[in-house]
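Student: For reference, the chains in residue letters:
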Amino acid sequence: MNARYKVMLLCVMIALCIPALAPAQAAKFKLKPGAQGKICLDCHTAFPEKLKNPFIHTPVKGGECIGCHNPHAARYGKMLSELSSDICRKCHGGIVPEKALSKHKVVADGECMKCHDPHAAKNKFNLLLPVSDLCVSCHKTMGEAIAKAKFRHAPVEKGCLNCHDPHAAANAPFLLKEAAPGLCLKCHRTDKPSFASRHMNYPVERAQCTSCHDPHGSDRGALLYNNVHQPMGNRMCSQCHAEPNSPTPFATKKQGYELCRACHSSMVNEALGKNKLHWPLVSKAGCTSCHSPHAAKEAMLLKGSQLVVCGKCHEDAIERQKRSLAKHPPVLEGNCTACHSPHSSDSAFLLNQASIVDLCGSCHDWLKHSTHPIGPKVVDPRNKNLTVTCLSCHRSHGSEYKRMAYYAEMNDQCVQCHELMKR
Amino acid sequence: MIPKMMKFLAALLLMVFPASAIAADAVKMKHVLSIYADSKGGGMKNPEGVACGPGSAVIVADTGNGRLLKFSVQDKNLSGGEEITLPEGVAPIRLQVNAKGEILVLDGKQRRILRLNPDGTFNAIFSPEGLATTTPVIPRSFKLDSADNVYLDDIFSGRIIVTDPAGKFLRQIEFPKDSRFISDLAVDQRGTIFILDSIKSVVYSAGPSDTSFSPLTKDLDKSVTFPVAMSLDAQGVLYLADEHGSGIVVIQRDGTVQGRLLTSGWKEGQLRYPDQICFNGKEEAFVADRENSRVQMFDVLR
Numbered sequence: 001m002n003a004r005y006k007v008m009l010l011c012v013m014i015a016l017c018i019p020a021l022a023p024a025q026a027a028k029f030k031l032k033p034g035a036q037g038k039i040c041l042d043c044h045t046a047f048p049e050k051l052k053n054p055f056i057h058t059p060v061k062g063g064e065c066i067g068c069h070n071p072h073a074a075r076y077g078k079m080l081s082e083l084s085s086d087i088c089r090k091c092h093g094g095i096v097p098e099k100a101l102s103k104h105k106v107v108a109d110g111e112c113m114k115c116h117d118p119h120a121a122k123n124k125f126n127l128l129l130p131v132s133d134l135c136v137s138c139h140k141t142m143g144e145a146i147a148k149a150k151f152r153h154a155p156v157e158k159g160c161l162n163c164h165d166p167h168a169a170a171n172a173p174f175l176l177k178e179a180a181p182g183l184c185l186k187c188h189r190t191d192k193p194s195f196a197s198r199h200m201n202y203p204v205e206r207a208q209c210t211s212c213h214d215p216h217g218s219d220r221g222a223l224l225y226n227n228v229h230q231p232m233g234n235r236m237c238s239q240c241h242a243e244p245n246s247p248t249p250f251a252t253k254k255q256g257y258e259l260c261r262a263c264h265s266s267m268v269n270e271a272l273g274k275n276k277l278h279w280p281l282v283s284k285a286g287c288t289s290c291h292s293p294h295a296a297k298e299a300m301l302l303k304g305s306q307l308v309v310c311g312k313c314h315e316d317a318i319e320r321q322k323r324s325l326a327k328h329p330p331v332l333e334g335n336c337t338a339c340h341s342p343h344s345s346d347s348a349f350l351l352n353q354a355s356i357v358d359l360c361g362s363c364h365d366w367l368k369h370s371t372h373p374i375g376p377k378v379v380d381p382r383n384k385n386l387t388v389t390c391l392s393c394h395r396s397h398g399s400e401y402k403r404m405a406y407y408a409e410m411n412d413q414c415v416q417c418h419e420l421m422k423r
Numbered sequence: 001m002i003p004k005m006m007k008f009l010a011a012l013l014l015m016v017f018p019a020s021a022i023a024a025d026a027v028k029m030k031h032v033l034s035i036y037a038d039s040k041g042g043g044m045k046n047p048e049g050v051a052c053g054p055g056s057a058v059i060v061a062d063t064g065n066g067r068l069l070k071f072s073v074q075d076k077n078l079s080g081g082e083e084i085t086l087p088e089g090v091a092p093i094r095l096q097v098n099a100k101g102e103i104l105v106l107d108g109k110q111r112r113i114l115r116l117n118p119d120g121t122f123n124a125i126f127s128p129e130g131l132a133t134t135t136p137v138i139p140r141s142f143k144l145d146s147a148d149n150v151y152l153d154d155i156f157s158g159r160i161i162v163t164d165p166a167g168k169f170l171r172q173i174e175f176p177k178d179s180r181f182i183s184d185l186a187v188d189q190r191g192t193i194f195i196l197d198s199i200k201s202v203v204y205s206a207g208p209s210d211t212s213f214s215p216l217t218k219d220l221d222k223s224v225t226f227p228v229a230m231s232l233d234a235q236g237v238l239y240l241a242d243e244h245g246s247g248i249v250v251i252q253r254d255g256t257v258q259g260r261l262l263t264s265g266w267k268e269g270q271l272r273y274p275d276q277i278c279f280n281g282k283e284e285a286f287v288a289d290r291e292n293s294r295v296q297m298f299d300v301l302r
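Residue numbers (the numbering used here), protein chains in the order written: chain A, 1 to 423; chain B, 1 to 302.
Simulated from the structure, these hints should not be mistaken for lab results. Misleading hints may appear alongside valid ones.
Dumping the calculated EDC-like pairs for lysine to aspartate or glutamate here, alpha-carbon to alpha-carbon at most 20 Å [to be verified]:
(1) A/158 x A/178
(2) B/282 x B/188
(3) B/200 x A/346
(4) B/267 x A/419
(5) A/38 x A/49
(6) B/222 x A/316
(7) B/109 x A/178
(8) B/200 x A/258
(9) A/422 x A/412
(10) B/109 x A/419
(11) A/322 x A/380
(12) B/28 x B/284
(13) A/274 x B/88
(14) A/377 x B/291
(15) B/168 x B/102
Since the model is a prediction, treat every value here as computed from it, not as a measurement.
Please construct the entire structure, taking both the sequences and the accompanying hints into account.
Tutor: Below is the structure:
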């Protein structure tokens, strides 16, 4: 039996099963003959209007209200007989492949109704809004960026589902139907001479297209990200990479920061000359730990916003801020470099000022007129090697308590040093 | 009667044996003393490294002051504190002392290893010889084994390099492909290498004849925040210095987490951003308590 017949047989079996369930449910609640699907409408008088929508959920069409709702009493809102996600999964169980590489968060959270109307809707698949409008209602930043972009990727204009699966992707990130470059190559022919010449004869059909091109849209031709690394913009790939006809055309001429140092020598030398180094700079990935070598949405060719780039490794700091009662604006705004020097520093924690008091004082100007004694001359009573600084009482990435304090009660904080005042 | 007694004894043994086995591995740390200053009373500043030397020696990398301090701890009593002056511009961050008493110092600023004579005078720059490639070696950390072979955590090329005590290349093992950032390593008496991925919060291991690392632990995310240093005690138990979590996490030989020891704070026995840990073979541990600008000594209780 070929696959086509198997699918047809499965459909027939499902179609046979759905009505077969209805009498069972009707019997469970001892409905009067003919009451199935009609008795509810006696009270829910607005519902027939809803049913005029072009797309009606199959159980609703069959009058199967009790397929999802308990007519008498229920533990769940809307008189649902089970958790809504469990109800949906009963029929739509296969919608998320096992071991999917990426899952839509709303799907993983069982929030089907964030996108679908369980009864009827104007849009196919009972979607609450047309596909693209629906997606950008949550992915607002993406929607705004696409709307503003000078050049838009044609499939994006036709709808997000051209490239993305709305529920989950078995083998690709970002809910893509297929990982790049496979997905891109479905539309873009690489055998044309113009394709090769535009890519300086590098075999980019084997590369990650999205390391240079914004798949949604951009202000630059060829959908290059808005910020382009100068050698790439000048089509000087071989400045960093081996020749295109070499056995390893994408190999870089040097490794790690040594490659970047050829042009950015003063910056790299300065970074390497400080007492404390951000070690990823000298790792195998080097500068590309944080920067994109080709093109990027973000300024300075950062791989993402600071919250994303720094948070990839320092998730604990970002999470601490999320849990914190008081929010420290620089962390909240993702402006890590307001306090930290990302390459290296002579100061602890890669701070961009030697004195913590001076650093905090650059925003908190009250430090300059009235404060608890702090500074290099004020020895911490707990430890003669320490001086009292802002961090003696406050946790810079936030805490569970007010004012980013270490303790819930101010008294508990004060008596850490003022022990004689302990009551 | 006898068979009944035998059964009872066997059952009792079965019940008691695993309990004693677990108890033998359960570790606690009890604060003994804290070291704050050199012999002249000069305070430490953000020490990142500490090494337990042969005998009673304890060497501290007083990182913020760019110097080493040499102490002696005998019967829980601290003495010494003489300064070992380093060449100008050196930021000592990790230390090891070999069987001859030579001190090897990782300079975090110039990312190289200095070899000092037992009296603290400069001897040479340690550099591995006979490597297959000419790429620079950038050690984030290093350790010695019982034969004084040197194990370098070369983050530039993503590998552990093993050399003999003189620096002659012996072998190398690449970091696991899916690792993120290997901050430290440890070597046990059998020659098993352990490496610590700070970002993934995973410890990997490779036996003496292995050519690759495999995970020893699961993702330790629930137990650690951001571990940066790792040491082994004489029993083969791993101690992770959880820098951002300000505590010590104990990992058993089979990779299971025994739990967290010590808490964050300023008081003695508490830690703020701990770094290198060393053991002196007398069930005593020393922890570089970086942001408290001190080194603390603990008894290891089992």
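Student: Next step is simple, just say for each hint if it's right about the structure.
Tutor: Evaluation of the provided hints:
1. Taking the CA atoms of residue 158 of chain A and residue 178 of chain A, the gap is near 18 Å; set against the 20 Å cutoff, the hint holds.
2. Between residue 282 of chain B and residue 188 of chain B, the direct Cα distance comes to roughly 17 Å. Compliance with the 20 Å bound is thereby established for this hinted pair.
3. Of the supplied pair hints, the one linking residue 200 of chain B and residue 346 of chain A is violated, its CA atoms being roughly 27 Å apart against a limit of 20 Å.
4. Between residue 267 of chain B and residue 419 of chain A, the direct Cα distance comes to roughly 12 Å. Compliance with the 20 Å bound is thereby established for this hinted pair.
5. With a CA separation close to 14 Å, the supplied pair residue 38 of chain A and residue 49 of chain A stays within the 20 Å bound.
6. Restraint check for residue 222 of chain B and residue 316 of chain A: the C-alpha separation of about 11 Å stays at or below 20 Å, so the hint holds.
7. Under the criterion of a C-alpha separation no larger than 20 Å, the hint pairing residue 109 of chain B with residue 178 of chain A is inconsistent with the structure, at around 45 Å.
8. Proximity of residue 200 of chain B to residue 258 of chain A is assessed by CA-CA distance (about 26 Å); at most 20 Å being required, the pair is judged violated.
9. As the CA atoms of residue 422 of chain A and residue 412 of chain A are separated by approximately 8 Å, the hinted pair is consistent with the 20 Å bound.
10. Distance restraint check for residue 109 of chain B and residue 419 of chain A: the Cα-Cα separation of roughly 40 Å exceeds the 20 Å cut-off, and the hinted pair is therefore not satisfied.
11. Using a Cα cut-off of 20 Å, the hinted pair residue 322 of chain A and residue 380 of chain A is violated, with the two alpha carbons roughly 30 Å apart.
12. With a C-alpha separation of about 11 Å, the suggested pairing of residue 28 of chain B with residue 284 of chain B holds against the 20 Å cut-off.
13. Restraint check for residue 274 of chain A and residue 88 of chain B: satisfied, since their Cα atoms lie roughly 13 Å apart, inside the 20 Å limit.
14. With a C-alpha separation of about 18 Å, the suggested pairing of residue 377 of chain A with residue 291 of chain B holds against the 20 Å cut-off.
15. Between the alpha carbons of residue 168 of chain B and residue 102 of chain B the distance comes to roughly 17 Å, so the proposed pair stays at or under 20 Å and holds.
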